[in-house]
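Residues 0 to 127 (numbering that gives the first Met the number 0) are what the sequence shown spells out, left to right.
Take these hints with a grain of salt, some might be off.
Cross-link-like lysine to aspartate or glutamate pairs, in silico, EDC-like; alpha carbons within 16 Å at most [said to hold, decoys possible]:
1. K79 x E11
2. K17 x D120
3. K92 x E77
4. K117 x E54
5. K83 x E67
6. K117 x E10
7. K83 x D71
These are computed hints drawn from the structure, not numbers from a lab.
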Amino acid sequence: MQTQSSSFDWEEYIELAKQLQQNPIPNALYHTALYRAIVSRAYYGAFMYSRRRAERIMGAFSGVNIHEQVIDYYSNSESKNHRKAGTFLKVLKDKRVECDYFDHLTEDPKRMADISIKLADTIINLIL
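Model the full structure from these sequences, guided by the hints.
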């Protein structure tokens, strides 16, 4: 059990997404919901990891558009890898928003989940 003073490891969301992908719930009725949840966890794992890394350098983000601020921070970086991470984070955010808010998806849900996990891993590796 985690104590209040210990910090959450946001990469655990990405690992959870991988576990859900590798060991899906057997009931086929829930597969679309499962894939949508995988996309969401992959995004939040990558987003929060990216946010915390950036905050160590430039201080805390504030305001109502923190997601865009983090994406802009990386997208406008002098580092080529950070700019790529910003681009991928934006793509992943768009997938997450689609999965969380829209009734109909523009892609196959399983494919979205697979791509989202790959994007999350790539983002982490680009900003290390």
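Here's how the hints hold up against the structure:
no. : hint       : result
1   : K79 x E11  : 26 Å, violated
2   : K17 x D120 : 10 Å, holds
3   : K92 x E77  : 22 Å, violated
4   : K117 x E54 : 24 Å, violated
5   : K83 x E67  : 15 Å, holds
6   : K117 x E10 : 13 Å, holds
7   : K83 x D71  : 11 Å, holds
Checked against the numbered hints given earlier, this structure breaks hints 1, 3, 4; the rest are met.
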